[in-house]
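Each protein sequence line maps, in turn, to chains A and B. In this text, residue positions in the first sequence follow the UniProt record's numbering: the first is 1, and each later residue adds one. In this text, residue positions in the second sequence follow the UniProt record's numbering: the first is 1, and each later residue adds one.
These aren't lab readings, by the way, just hints derived from the structure by calculation. Where hints are given, some of them may not hold.
[Unchecked claim] Listed below are several chain B residues computed to face chain A (Cβ distance under 7 Å; list not exhaustive):
hint, residue
1, Cys23
2, Asn26
3, Gly30
4, Arg48
5, Val49
6, Ser178
7, Asp213
8, Gln217
9, Met223
10, Pro295
11, Ala296
12, Glu297
Keep in mind that this is a model prediction, so the values were computed, not measured. Don't be surprised by glycine CBs; every beta carbon is placed ideally from N, CA and C.
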Amino acid sequence: MAAVRVVAAVLSLSLLAGCGPAAEADSGARSITVQNCGIDVTVDGPPKRMFAAYQPAIEMAHALGISDRLVGTAYLDAEVLPEYAGAQAKAKYFKNLPSREELLSLNPDFVLSGFNDVFSAAGSDSSFGSRKSLADLGVRTWIFSPLCPTADGKGDEAIDPSTVSMDNVYADLRDLGRLFGVEDRAAQVIADQQRRIAAVETAVKDAPRPTVAIVRPGLEGGQLTVSGGPDFGTVLIRQAGGVNAFADLKAKRNVKISVEEFIKRDPDYVLVSGCCDASLTPAASQPDVDKILGNPAYANLKAVRGKRVIPWLFANHSAGVRGAYTTENLAHILHPDLVN
Amino acid sequence: MRRAAGLAVCVGVLVLVVLLSLCVGNRWVGAGDVYRALLDFSGSDTDRVVRYLRVPRTVAGLLVGAALGLSGGLMQGVTRNPLADPGILGVNAGAAVAVVGAIGLLGVHSLTGYVWFAMGGALVATVVVYLIGGAAPVKLALAGAAISALLGSITSAATLLDLSTLNEYRFWVVGSLSLATGPIVAQAVPFVAIGTVLAVVLGRSLNQLALGDELAQALGTRMHLVRVLAGFAVVILAGTATAIAGPIGFIGLAVPHVARRIVGPDYRHLLPWSMVLAPIVLLLADILGRIVVRPAELQVGIVTAVIGAPLFIALVRRRRMAGL
């Protein structure tokens with residue numbers, strides 16, 4: 001996948017260099033085109049005014065060391081990782097996603113989104129508008145590639161599970177590193193992620209693999225929402241030496257299941273995926289954990305009997321530079337004797 | 001006499017449906033296991049699923065169904081409007097806006113907390129509708145529609161401004177029986193009981209009301225009192241139903257019509273029949289919703305809308321609705 005993208009990028013570059021006036025080298029700026037979710041993203045020189053929507057995008061911007069180019073950040077699901085707290089404190093922050101008009105008034109030249117709904121034409125009311133409509137205004141856009149929507153723009157329903165991998169996060173880091181002229185930093189971040197994840201994978205290699213359910217707090221319409229196969233949590237749980245108890249449900253990232261189905265699956269661990277506030281910590285989900293532990297219908301569950309219902313964060317199982325952190329965090333939960 | 005026998009048959013069918021509701025779900029539980037779960041509880045998975053999930057859900061279906069059937073019948077009687085359902089008094093919209101306020105402004109996050117706000121909102125909305133619309137059926141319906149629209153827009157605005165409120169509120173957009181727990185259901189019992197008693201008392205007066213205001217007055221009906229009491233019963237019943245299960249459409253509208261076709265327009269018979277038929281329909285819809293999209297469930301509010309709408313249209317087309 002990553003190789004294909006690089007080839008595509010090189011091809012489009014050479015095409016531009018060969019016949020297009022767009023690639024005039026004497027302007028001083030270097031024009032770069034990279035493909036993202038099937039859309040060509042071309043910049044003439046590194047973007048200087050980035051808007052980052054959602055936690056994964058915000059953390060990736062900080063990880064790439066381009067915090068000073070952020071004109072705005074929006075919608076954190078939880079506290080940013082400690083290493084980014086200083087940088088985030090200086091960034092302009094919107095609790096909710098700004099409207100298209102508000103976004104454009106910030107005059108961004110690049111919008112990075114951690115999820116795929118902000119560019120859907122008919123999607124949420126807070127949509128920024130389609131990627132093409134933004135490109136027409138000179139605003140480049142990027143969606144994390146483990147979440148590429150398919151052509152029908154159906155978002156979550158249309159994720160190709162094969163794209164849900166750390167490799168695609170690395171590919172994004174590499175591509176964004178090139179676009180923003182911070183290749184070295186991107187390579188460092190990737191190396192750091194790979195080293196930390198490999199260390200965990202080695203440590204838990206021979207351990208038994210417990211089943212893990214990631215559930216949203218509370219019931220929606222009387223049903224539980226769990227992370228299905230295409231959710232990035234599946235990858236992270238696997239890296240940490242476990243198995244997503246609902247990995248076989250592949251239709252969507254977030255899957256609704258009946259309470260009875262949850263009891264039938266009887267996962268070894270239950271992670272309560274708390275969300276969405278800039279100051280949220282895992283402790284905020286403790287009341288929901290207590291509710292699960294105290295529910296008589298759940299009393300026979302292995303996770304309940306073993307007190308293995310853990311307050312956790314939605315932010316932890318999003319695709320992005322949290323990958324290494326979450327892998328370590330999860331491995332410590334699942335295999336405390338092997339990973340500390 | 002034949003009506004009473006028919007009603008007894010309906011009660012028998014209801015008992016069977018209740019049993020079915022305890023057996024059917026993500027996995028089939030046989031009648032013997034249901035019996036053991038209820039009377040010889042051992043704490044096994046099956047016992048817990050039956051006792052803590054299916055029993056509350058089934059009792060909720062009984063209460064909500066009975067409440068919706070009765071309140072629909074009462075509404076149609078008191079407004080003399082064949083298309084009346086509790087929604088026309090602003091009950092649903094009032095409950096919804098109060099719940100959104102409770103979530104967004106007061107930080108109430110438990111269903112037991114919502115219940116009281118839903119009831120309060122329903123009551124306030126209905127009183128306002130009465131104050132504006134007065135006694136005349138048409139004015140009442142218009143006032144109800146206007147207030148519902150107003151409250152609905154407030155709800156929309158509030159949920160658009162705050163995404164987390166929207167997430168919690170989504171339950172209130174489509175009704176479901178599966179959020180009911182033992183304590184919530186127990187809370188609801190006295191309300192449904194009060195509403196039922198009122199409905200029984202009001203049956204005769206509603207018959208006189210059906211003759212038209214002048215004739216009813218001539219027969220000595222205290223119309224204002226009847227309307228206020230009936231309105232109170234509707235708010236209690238529909239408010240309780242909404243509080244337990246969120247908004248569920250079509251049951252309150254369609255079931256009284258079915259009852260009317262079977263037993264005629266006499267409210268002394270129509271109301272008890274509605275009260276027994278409605279939970280049968282609601283529980284069957286819920287059972288269907290449990291098995292059609294496994295491992296997920298279809299919320300009962302969706303099922304009643306999908307099944308209820310065509311059924312109702314067929315009903316209206318086949319025979320002109322019996323006079324009220």
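So, going through the hints one by one against the coordinates:
no.	hint	in the structure
1	Cys23	violated (12 Å)
2	Asn26	holds (3 Å)
3	Gly30	violated (16 Å)
4	Arg48	holds (5 Å)
5	Val49	holds (6 Å)
6	Ser178	holds (3 Å)
7	Asp213	violated (43 Å)
8	Gln217	violated (47 Å)
9	Met223	violated (41 Å)
10	Pro295	holds (4 Å)
11	Ala296	holds (4 Å)
12	Glu297	holds (5 Å)
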